[in-house]
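Q: As a plain string of letters, each chain reads:
2 protein chains.
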Amino acid sequence: MKIDYQPIEWLGNRVRILDQTKLPQKETYLVTDDYRKVAGAIKELKVRGAPAIGIAGAYGVALGASKIKSASREEFLKQVQKVSDAIASTRPTARNLFFALERMQKASTKGKTSVDIKKVLMAEAIKIHKEEADATKRLSELGAGLIKKGWTILTHCNTGPLAPSGYGTALGVIIAAHKQGKKIQVLADETRPLLQGARLTAWELKKAGVPVTLITDSMAGHFMRVGKVDCVITGADRIAANGDTANKIGTYPLAVVAKENKIPFYIAAPVSTIDMKMKSGARIPIEERGADEVMRFNGQLLVLDGINAANPAFDVTPNKYITAIITDKGIIKPPYLEGIKKLI
Amino acid sequence: MKIDYQPIEWLGNRVRILDQTKLPQKETYLVTDDYRKVAGAIKELKVRGAPAIGIAGAYGVALGASKIKSASREEFLKQVQKVSDAIASTRPTARNLFFALERMQKASTKGKTSVDIKKVLMAEAIKIHKEEADATKRLSELGAGLIKKGWTILTHCNTGPLAPSGYGTALGVIIAAHKQGKKIQVLADETRPLLQGARLTAWELKKAGVPVTLITDSMAGHFMRVGKVDCVITGADRIAANGDTANKIGTYPLAVVAKENKIPFYIAAPVSTIDMKMKSGARIPIEERGADEVMRFNGQLLVLDGINAANPAFDVTPNKYITAIITDKGIIKPPYLEGIKKLI
Numbered sequence: 069m070k071i072d073y074q075p076i077e078w079l080g081n082r083v084r085i086l087d088q089t090k091l092p093q094k095e096t097y098l099v100t101d102d103y104r105k106v107a108g109a110i111k112e113l114k115v116r117g118a119p120a121i122g123i124a125g126a127y128g129v130a131l132g133a134s135k136i137k138s139a140s141r142e143e144f145l146k147q148v149q150k151v152s153d154a155i156a157s158t159r160p161t162a163r164n165l166f167f168a169l170e171r172m173q174k175a176s177t178k179g180k181t182s183v184d185i186k187k188v189l190m191a192e193a194i195k196i197h198k199e200e201a202d203a204t205k206r207l208s209e210l211g212a213g214l215i216k217k218g219w220t221i222l223t224h225c226n227t228g229p230l231a232p233s234g235y236g237t238a239l240g241v242i243i244a245a246h247k248q249g250k251k252i253q254v255l256a257d258e259t260r261p262l263l264q265g266a267r268l269t270a271w272e273l274k275k276a277g278v279p280v281t282l283i284t285d286s287m288a289g290h291f292m293r294v295g296k297v298d299c300v301i302t303g304a305d306r307i308a309a310n311g312d313t314a315n316k317i318g319t320y321p322l323a324v325v326a327k328e329n330k331i332p333f334y335i336a337a338p339v340s341t342i343d344m345k346m347k348s349g350a351r352i353p354i355e356e357r358g359a360d361e362v363m364r365f366n367g368q369l370l371v372l373d374g375i376n377a378a379n380p381a382f383d384v385t386p387n388k389y390i391t392a393i394i395t396d397k398g399i400i401k402p403p404y405l406e407g408i409k410k411l412i
Numbered sequence: 069m070k071i072d073y074q075p076i077e078w079l080g081n082r083v084r085i086l087d088q089t090k091l092p093q094k095e096t097y098l099v100t101d102d103y104r105k106v107a108g109a110i111k112e113l114k115v116r117g118a119p120a121i122g123i124a125g126a127y128g129v130a131l132g133a134s135k136i137k138s139a140s141r142e143e144f145l146k147q148v149q150k151v152s153d154a155i156a157s158t159r160p161t162a163r164n165l166f167f168a169l170e171r172m173q174k175a176s177t178k179g180k181t182s183v184d185i186k187k188v189l190m191a192e193a194i195k196i197h198k199e200e201a202d203a204t205k206r207l208s209e210l211g212a213g214l215i216k217k218g219w220t221i222l223t224h225c226n227t228g229p230l231a232p233s234g235y236g237t238a239l240g241v242i243i244a245a246h247k248q249g250k251k252i253q254v255l256a257d258e259t260r261p262l263l264q265g266a267r268l269t270a271w272e273l274k275k276a277g278v279p280v281t282l283i284t285d286s287m288a289g290h291f292m293r294v295g296k297v298d299c300v301i302t303g304a305d306r307i308a309a310n311g312d313t314a315n316k317i318g319t320y321p322l323a324v325v326a327k328e329n330k331i332p333f334y335i336a337a338p339v340s341t342i343d344m345k346m347k348s349g350a351r352i353p354i355e356e357r358g359a360d361e362v363m364r365f366n367g368q369l370l371v372l373d374g375i376n377a378a379n380p381a382f383d384v385t386p387n388k389y390i391t392a393i394i395t396d397k398g399i400i401k402p403p404y405l406e407g408i409k410k411l412i
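Going down the list, the sequences are from chains A and B. When you line the first sequence up against our numbering, it's residues 69 to 412, in that order. When you line the second sequence up against our numbering, it's residues 69 to 412, in that order.
Among these hints, one or two may not hold up.
Note that identical chains are pooled: a pair holds if it fits in a single copy or bridges any two copies.
Here are the computed lysine to aspartate or glutamate pairs in the DMTMM-like style, where the Cα-Cα straight-line distance is at most 20 angstroms [as the list claims (entries may be wrong)]:
hint, residue 1, residue 2
1, 174, 343
2, 388, 328
3, 388, 406
4, 90, 373
5, 274, 360
6, 94, 373
7, 111, 101
8, 296, 355
9, 150, 170
10, 275, 406
11, 186, 170
Keep in mind the hints are simulated off the structure, nothing from the lab.
Bound-form chain A, shown alone (with noise of 0.2 angstroms):
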């Protein structure tokens, strides 16, 4: 499959970041070598997705710490330390932005001085960059084989190339079915309050030449209940050690109604959005973001001044409605506390 726009894409010295707030109607981008440039576009969601988001706060890290001026090792790690905290503070919920700043923070104990740290950080940034790539590639092939011709797939959410950088996680699987010839279509829930569904997933597909038809959210259960649905797969920020997945807002009733009307139900995500610390979904945190974003569609505001809106950006999927968990090291099917456990 050839991708011809890449989310993030690593210059040497600068990062440059497809800026998908203002898609589908502008390609623009935003070229920078600034770590709180790249602080800011990941939580204005000019970068998003899960696994970018932990590629672009990775070159955060090796970009910060490039201009560090301090000569002492344990000083420079300390600044190190603070440019890695001002970029955790983006967004809580995906796990991959904190698998990166984990994985940065453990390589920048490998260098000797300063100079050595900035190149073993840069390095590793690269490295997240291309596993991450890599692993959605291996994970769209694996979910791919799932997928049964003239099947009708619903999607929630952008989780194409846009998201992981490279492949894609559920959409990938989506895109690698059609690529292998299995005639499906696709329902794209638009994924209200910011659109990604109508404006990234309904564009990347019709890039990829996959037949895709925009529903509302509120709409995905009547295609089920009607038997126009043969599965749906979405991605996951955070997935917990038993399997309890956290992915954006609305993926749980989708999982609820699926299971209702047994229809296979499928998340696919690249390993590192497991985090083993978390027993179960029930403290992932939940990104509250602003109320603006509910109150506005594409900017026009929808209601009279005083009436006040909720934003949870994402809800958690309890595990026993997940028919299986397609990861790039193979896929997990229930009891997913023992799968995910044998898998990592």
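Given chain A, put chain B in place with the hints provided.
A: Showing chain B alone in chain A's frame:
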């Protein structure tokens, strides 16, 4: 409860319709004696909500009849039927429209001359309006008895005084419970694609002084799962003889997730919404509206050209997910086939 706005008012020889597509930003009215304009207002959702559509349809027939010049009774009735057919073709799902048109048809046989019939039809439309308003008042007060102090109630679409003219169905129950001092609060689904929840429900609840938090449709499941919802109440567009209920797209998944979380799920509707000829929900016609409503917002295209969208306006909730149906003639509990037959 004092309501300072009316979706439909009869001005003696014309009807005044509040244009709900412009709310909450503008309160503008259509005043007309032309039945084609009334039909247009129904089709374009200027007037909407199952009972209000029925009332508008009845006035449309009365207005259409008043303009017919033919002298012979037979020819006159034939032309009235044409008016009725034109109004019937606007929206296929809401039972109340057909209930009203059937009543008007029956009434038309009572007049001896065309002059008589014109009078009879006008009187019948006014009667339907009053009866539907009274029905929503009764069901609201009955339904409020199901609501416990301090509850958080989730609702979908708009079912306040705007929808049924007079009181409200689901929102009527909510507002009645509020007036009884039950200190309730509401989570209102925005209700894509046409955002009746964000535009109308939030606006009506604010007018009524009920604390309301707006959420996207995709957030409802999350709030149910985490224990923040005590009951769900929606209206209905058509209820089959076995209790299966067609309502705004997105209602079915709410009912499934409510059941999964042991949260009561109530339907509130006047008995005019019940269609005894429909044995189950399987054959209730589901209106498919233009794809543009999903692809655009306020004229702004969300997706690139060449993306398809689906737009079913309703879904069907099988009776097994419904805790009770609140009507003006009593609260029906399962088994519905017997309960509904007894009531009607």
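Q: Confirm or reject each hint.
A: Evaluated hints:
| no. | hint | result |
| --- | --- | --- |
| 1 | 174 - 343 | within (17 angstroms within a copy, 67 angstroms between copies) |
| 2 | 388 - 328 | both (12 angstroms within a copy, 12 angstroms between copies) |
| 3 | 388 - 406 | within (14 angstroms within a copy, 35 angstroms between copies) |
| 4 | 90 - 373 | between (27 angstroms within a copy, 16 angstroms between copies) |
| 5 | 274 - 360 | between (30 angstroms within a copy, 18 angstroms between copies) |
| 6 | 94 - 373 | between (31 angstroms within a copy, 14 angstroms between copies) |
| 7 | 111 - 101 | within (17 angstroms within a copy, 55 angstroms between copies) |
| 8 | 296 - 355 | between (32 angstroms within a copy, 17 angstroms between copies) |
| 9 | 150 - 170 | within (13 angstroms within a copy, 73 angstroms between copies) |
| 10 | 275 - 406 | neither (39 angstroms within a copy, 54 angstroms between copies) |
| 11 | 186 - 170 | within (16 angstroms within a copy, 80 angstroms between copies) |
Comparing the model with each earlier hint shows a violation of hint 10 alone; every other hint is respected.
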